[in-house]
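The numbering of the sequence shown is the numbering used here, which starts it at 168 and goes up by one.
Hints in this document: simulated from the structure, not taken from any laboratory.
Just so it is clear, CB atoms sit at the ideal spot from N, CA and C, and this is done for glycine as well.
Some clues are possibly wrong.
[Stated by the list, open to error] Quick list of simulated restraints, FRET-style, between CB atoms:
1) Ile276 x Ile249: 49 to 57 Å
2) Tyr260 x Lys234: 16 to 24 Å
3) Ala191 x His237: 34 to 42 Å
4) Tyr230 x Arg254: 33 to 41 Å
5) Ile249 x Val272: 35 to 43 Å
6) Asp211 x Ile276: 30 to 38 Å
7) Ile249 x Tyr201: 21 to 29 Å
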Amino acid sequence: MYLRSLWVTASLFFCFLAASPGQAQLNLGIGLCYGSDIEKPGVDLRGYYLTSPTLRFVTNFHYFFTKSGHTFWTLDGNAHYIFYEHRRQQRLYGIFGLQYAHESVDIGIG
Numbered sequence: 168m169y170l171r172s173l174w175v176t177a178s179l180f181f182c183f184l185a186a187s188p189g190q191a192q193l194n195l196g197i198g199l200c201y202g203s204d205i206e207k208p209g210v211d212l213r214g215y216y217l218t219s220p221t222l223r224f225v226t227n228f229h230y231f232f233t234k235s236g237h238t239f240w241t242l243d244g245n246a247h248y249i250f251y252e253h254r255r256q257q258r259l260y261g262i263f264g265l266q267y268a269h270e271s272v273d274i275g276i277g
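Kindly generate the complete structure, drawing on both the sequences and the hints.
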């Protein structure tokens, strides 16, 4: 059920990418992350979608390396609107974001 929701969300995101103007730019990346609440390291997959000089969309997927039988991951979506930019180094921007977090534990019954 949760994996299906993830695939639907990812599919909608990529459909949005395919339907947008040609001047848009897509950047992908991978990195390491750390979950301070669960105190575990993880991997971060990230996509930046630059639609215009003032509007950017960012999607993150974090998967944390937890102990056996325990799974924890998050899916984030953010929109950045740049109000002011000075020499491409200093920016004033607003951000809107949503997060979906999933945690499961296998208790070994059944």
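Cross-check of the supplied hints:
1. Ile276 x Ile249: 49 to 57 Å: At roughly 51 Å between Cβ atoms, Ile249 and Ile276 fall inside 49 to 57 Å, so the hint holds.
2. Tyr260 x Lys234: 16 to 24 Å: violated (38 Å)
3. Ala191 x His237: 34 to 42 Å: holds (38 Å)
4. Tyr230 x Arg254: 33 to 41 Å: Given about 36 Å between the Cβ atoms, the range holds.
5. Ile249 x Val272: 35 to 43 Å: holds (41 Å)
6. Asp211 x Ile276: 30 to 38 Å: holds (33 Å)
7. Ile249 x Tyr201: 21 to 29 Å: holds (28 Å)
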